[in-house]
Amino acid sequence: MSRLHRALLRDLWHLRGQVFATALVVSVGVGAFVTMVSTYRSLAAARAEYYSTYRFADVFASLKRAPDSLAVSLRLIPGVSAVQTRVAENVVLSVPGLAEPASARLISLPGGEQGGDSLNRLHLVSGRYPAPQSDDEVVASETFAAANSLAVGSRIGAILNGRWRELRLVGLALSPEYVYEVGPGMVVPDNRRFGVLWMNAEGLATAFSMKGAFDDLCLSLARGASSRDVIDAVDRLLAPYGGLRAYGRADQPSNRFLTDELGEIEVNATYIPAIFLAVAVFLVYTLLARLIAIQRSQIALLKAFGYANLRIGMHYLEFALLIVGLGLAVGLILGGYFGAGLIRVYQQYFHFPVLRYRLGVSLILFATAIALAAAVGGSLTAVRRAIRLPPAEAMRPEPPRSFQAGVLDRAGLMRRLDTVTKAIVRNLARRPWRAALSMLGIGAAVATVVVGRFMFDAVNALMAVHFDSAQREDVTVTFNETRSRGAVTSLRELPGVLRVEPFRVMPALIRAGHREERASVLALRPSDTLRQLVDARRRRIDVPAKGLVLTRKLARMLAVGEGDHVFVEQLDGRRRQFTAAVVRLSDEPVGLSGYMDADALAGLLGEDAPISGALLQVDKSREPALYASLKRTPAVAAVSIRSATLQTIREIMNRSFILMTIVMTGFGIVLVAGVVYNSVRIALSERGNELASLRVLGFTRGEVAQLLLGEQALLTLVAIPVGCALGALICRLLVPAFDRELFRLPFALTGATFGFASLVALGSAGLAACVVGGRIAHLDLIAVLKSRE
Amino acid sequence: MSASRIPLPVMQVRGVSKTYRLGEVEVHALRGIDLELRAGELVVILGASGSGKSTLLNILGGLDIPTRGEVRYRDHVLSDASDRELTRYRREHVGFVFQFFNLLPSLTALENVELVTEIAEHALSPREVLERVGLGDRLHHFPSQLSGGEQQRVAIARALAKQPDVLFCDEPTGSLDYPTGKRVLEVLARANRELGTLVVVITHNAAIAAMANRVVRLSSGGIAEIRVNPVQASAEAISW
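Top to bottom, those sequences are chains A and B.
This note's numbering numbers the first residue of the first sequence as 549 and each following residue consecutively.
This note's numbering numbers the first residue of the second sequence as 26 and each following residue consecutively.
Bound conformation, chain B alone:
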C-alpha cells in the first residue's frame, strides 16, 4: 500500500498515558495509547465504563493534555498546547456532541446554531444544516419545546455548522430512547458520508460499532483491539 492511497492521518496519538491523582492513589486512566485517525473515517471507540474512553476523548478533543506521550492534530502538537491554543483548536477544527445535548435554553434551535456560526470562519448556513438534520420546521423552538432526539439533532447541527475537521460524539444516544437514538446515528452517518467529516463516536453500546469504518476497543486504559469493518452497516440496520 502506498502512502498516497491511504487518507492522511488527521490525528496521531503516540504513547499517550494519563495519570490522575485521587488523594493518595494514582489512577492510570490511559496507558501508552497509539492511534491514528484519518480524514473521512467514522471511528467508534468502544469500552466499558472505566476503560479510559472518556479520558481519550478529552485528550483528542483538546479538553485535557496527556501526562506522557504526544498528540498531534495535523502539524499541531496538542500534548503540550496552552489553554489558549487548545481553545483555538476546538474552535476552528473540532465539533462536539454531548450526551446531554448542552444547548443554551435561552436560545432557539436556530440561534443555538448561529451562536457557533457567528464565531466560525467557514460556517454553513444554520438553516440549511438544521434542515439537513430534519429540523427545518423547528427552527424557532426553544430547547424546552423540543424532544430529546430533536435537541440532540440541534446539537449535531450546531457541531456540523462550522464544518469541523473532526466531530467528537460522547455517548450521543446515551440519553435517548431507541428509535430516537437510531435517528441520531443516521444523521451522524450522513454527515460523515456527505460532508466527509471525520466522526469519532465513543460509546459503551457495542451495537453501534457496526456502522464504523474502524472500531477501537479500550480496556483498562489500553487498546485491546482495533478492528476494521469491511462493510459499514447503516444506522437502520443496527439494533440493540
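Next comes chain A alone, as it looks inside the complex:
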C-alpha cells in the first residue's frame, strides 16, 4: 500500500461520520433502485414464463350462446393459431364458515383433459382434475380456497342455473387468467368472497343447458398476427350470437392489473433512486470540497515533492469512489434483501406457479455504473480544484472568508434581525448554491414522505366519493339474466330489506366518430337514491329525462363533451342501435358507464323496462338472515356487499400502504439526516475556530449551537413548504398513472400528510443536529487562542 493510500484510509476514518452519512444515502438510493428493478424483472420474467408455459390466450370474448360448430369458423380467421371455446358462468356460492354469499366464476375445462394444445392451462397445485363423467367435482383457485380454509375434499354449495348443488373440491389450481384474482368490476382482490372454479365441460354444459354450445372463448394468435384485426373478425362472427366484444390481453383484467403494477414499479424505480443519487452527488461534492480545503497545504507539499497533478486528482477521486463503493456494496445487499421481501409481498396479490426472485448480474453492473457515475459526478469539480491549485499558493493558509453587504443588507431587511440570525443568514447567502442544494435535499425528503402517504389520502378520498356519494347501497344483487320488474317483489320480501332500487345494466358499444368503447349503460330512475351520479365536487347530478350522462373518463376516451352525440349499440337482447346526446359528464371515481333514464332507455330499446339487478338498503341486524337467503336465491348470479368490500379495501390499505408509508418515511429520514449531518459537520469544520472563540467569550454551548445549527434549522424550515409543494407536484404527476378505466385516483393530500412529512423532516434534522451538536462540548477552546483560521 502506498503512503498516499494509507493517507486515504486515514482520511476516511477521520471523516467517518460524514463518510457514513454519504454512503448511507448512496446505499439507500442503490438499494431502492435494485429492489425495484429486480422486483420488476422478477415479476416480468415470472409473467412471461407463466404465460408461455401455460399458454395464456391473446384474445378473449364472451357471448350469449353459440353452437360449438362456430369454433371451426373462428379457427379459420387469419392470424388465429388456436381457439378454445368454453362455458363460463357467474354463480353464487355458499362457503362453509363464510356468512355472506361468495361469488365465483365457473369455467369449463376442455374435455376434462389438460395439456395438449388447450389455452389458459391450469397449474394444479394439489389434488387432481375432475373425473371425466363427474358433474359435482370442481377445481378451485388456490387463492380462494386458502382464504376460506378450503382443501381438497371440502364441499361448497352453489346455485347452478337456479338449482342448488353441492360441489366437491378435488383439486386446487392457479390460472394465468387469474394471476390477479379479481371478480368482474372489482378493483381489489377479495379472495374470501370471490373465487374461480373449474368444472368438466360436460357437467357444466349440462347444468347450464349449454350442451353443444359455448358462451365464452379465448384464442391465441399466430406469430406476427394483428390482435386488432383478429378481434374485429371475432366480433363480426360473434355478433349474431350475442357477442359482447372481444378484447386483447391489454384489456384482460388480471393482465391489466399486473401491467399497471409493473408500470408503477417502473416509475418508482426511476424517480426515487434519482433523488437519492442526486443528493449523494451533492454530499460527495461538499465533503470532498471541504477535505481539499483542509488539505491545501498537504496538497501543496505533495506537489512540491513532485507528485503529478493526475496522481493527486486520482487520490481524491479514489476517496469519492471508496465512499460510494461502500454505499454501493451495502445498497446491493439491501436491494437484494428487500427485493426478495417485496417479491414475497407481491406473492400475496399476484399468483404465479413460480415467482422466483432474480437479481441478475446485469442489474448489479447497471447499479454499479450509476453509483460510480454519481461518485465521479460529485467529485469532478472538487478534484479539478485540487489539480489546479498552484503549489506556492496552496502552501499559504486559505484566505479568510470574505463577506460583503448583500442584497438583504441593502434592502434593510437585516436591520431588524438579531446578530446571531444575521450571521446565520449571511453564511447561507454567501454560498447560495450550497444552501439551495441543501434545502432541495431536505425538500426532496419531505416530498418523498408526502408521496409515500399519497396513496393513502387518494384512496381515502376515492372511497369517500365512491361509498358516501356515488354507491350508497348496502348490497348489490345481480341476476343471471334480465328479469321483469316483478322480480323486485321477491327481493323486497327477503329478510331485512328496507329499500329496493332495481337497475338495468345494458352492455353496449358506444361510438363517436372513429372511436368506440365497450361500456355499460346503467338505467336509473329519478326516484333512485342509492346509486347517484356526482360531479367533481361530489354534488348529485340528476339523470336527465332524455339523453346520456357519461363518466368523464369515458367521454375523454371517446373524445366527446357535453352537447356531442354518440352512437350506442346494444350488445345484449335485440341489439338495437340509437343515437343519444351527451347531456352531462359525471365524475364517479370507479368504473366507466353511460347513464340514462330507465323509461327513456326502455323506450329506445322497445323493452318493457327489464331489470338486471337491484340495489338494496338493509337492516344491519338482519344481515345474517338476508345472506343466508341470498345464498339460495336461484336467479342471483352475483352478490356484492358494501361492508365486506370496505373491509377488504381497508385491510389492503393497512397492509400495503402502511408498508409504503414506512419505507418512504425511512427514505425521508435518511435523506434529511444525511444532508443535515453533513452540512453541520462541514459548518463545524469551517467555523470551528469561530465557534470556539465565542465559547471563550462566554457564549454558552446552547448559544453556540444556535449559531451552528441555526443555518440548518432555517434551511429545514424553508425546505418544508418547498418539499410539500414538490411532493404535491410529484403526486399530481403520478395521478395520470392512476387514471384508469376501472378507477381513477383523485389528486388528494390531507393536512395530516403535510404535517406528518414536516414532523419527519424536523425530527430527523433535529436528531442529526443533536449528534453533531454534541461536538460543541468538545470544541478546543485553548487551541483557538493560538491557531489561525
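Simulated from the structure, these hints should not be mistaken for lab results.
Worth double-checking, as some hints may not be accurate.
Using C-beta positions, here's what the derived DEER-type ranges look like [what the hints assert, rightly or not]:
id : chain 1 : residue 1 : chain 2 : residue 2 : range
1  : A       : Gly1250   : B       : Arg218    : 47 to 53 Å
2  : B       : Asp108    : A       : Arg978    : 53 to 59 Å
3  : B       : Ser245    : A       : Ala940    : 38 to 44 Å
4  : B       : Ser245    : A       : Arg964    : 53 to 59 Å
5  : A       : Arg963    : B       : Leu33     : 42 to 48 Å
Now the stretches of chain A that chain B is said to cover, found in silico as 3 or more residues with beta-carbon under 8 Å [claimed, not checked]:
id : region
6  : 693-703
7  : 949-962
8  : 1240-1247
All C-beta atoms, glycine included, are put in the ideal place defined by N, C-alpha and C.
Add chain B to chain A, keeping to what the hints say.
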C-alpha cells in the same frame, strides 16, 4: 502599608500547578504559581515559548483548571468550577483579545461588538466603544474589509464593550506590524487608564513590559521575577 490603601486583589492564585500527560511523558507546564492581580492594574506576563505563560492565561481566563492549587476570582473559586460556572465567569467578568483576532467574518465591526453586548448585562454602547478605539468610520465593514490592526481594535472593542473586570490579551500584537501593534497597545493602555479595567497582557515581547504596572516573568513553569514599574511608559515611548 494598610490593606485599605492597596487595591483589593481581583484574582488570587495560590500554589497552582498544571501537569499534562503527553503519551508516556508528564509535562509540568506550571509549578506552584502564587500571584495576585489587583483592580485597575496593567500586568504584563512575560516569558519565552514553553515558559507556561499560555497555560497560566488559560487558567486565569477560565478556559482550563489547574491540577493543584487554588484560583479565586473575588469570592469565586475557579480551580474546581464546572464548565457551566467557568462559562458564566468568562461571560460576566472576562474579556479576551486573541492573537488572531477571531472575529466572526459574517458580521460587520459593529455587529461583532453587538454579538457580545447582546448577552452582557451592563454593556456599553457598541458604537461608542468602536469610536473609542478609533473605528467610528468603519462600523459597517466586514473583517475581510479591515486591516489586521483594525480587526484587532474591533476585537478589543468587543472585549471592552461588556465592561469586563479583567481583560486578557494573548500576544495582542503578535500578528501585527510594528506601527499597528503600537496603536493597539495604546488602545489597551487607554482602556486601562480610562475605564479602570484590569488588563493582563501575555507576550514574549519584553519591550511591552515597560508599559505595565507590574511585570511577571515566567520561566519553566515558575515565576522567575515579579517587577513593579514605578513609572509606566506610554505605548508611544516603547519600541522593539
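Status of each hint after checking the structure:
Judged by the Cβ atoms, the range 47 to 53 Å given for Gly1250 (chain A) and Arg218 (chain B) is violated: they are separated by roughly 37 Å. Our hint of 53 to 59 Å for Asp108 (chain B) and Arg978 (chain A) is violated, since their Cβ atoms are close to 32 Å apart. Range check, Ser245 (chain B) to Ala940 (chain A): Cβ separation about 39 Å, and the 38 to 44 Å hint holds. The hint said 53 to 59 Å for the Cβ distance between Ser245 (chain B) and Arg964 (chain A), and at roughly 55 Å that hint holds.
Between Arg963 (chain A) and Leu33 (chain B) the beta carbons are some 43 Å apart, a value that agrees with the proposed interval 42 to 48 Å. Three residues within the 8 Å Cβ limit are the bar, and the region 693-703 of chain A against chain B gives 0, so the coverage statement is violated. Counting residues of the region 949-962 of chain A whose CB lies closer than 8 Å to any CB of chain B gives 5, so the stated coverage by that chain holds, three being the minimum. Counting residues of the region 1240-1247 of chain A whose CB falls under 8 Å from any CB of chain B gives 7; the rule of at least 3 is met.
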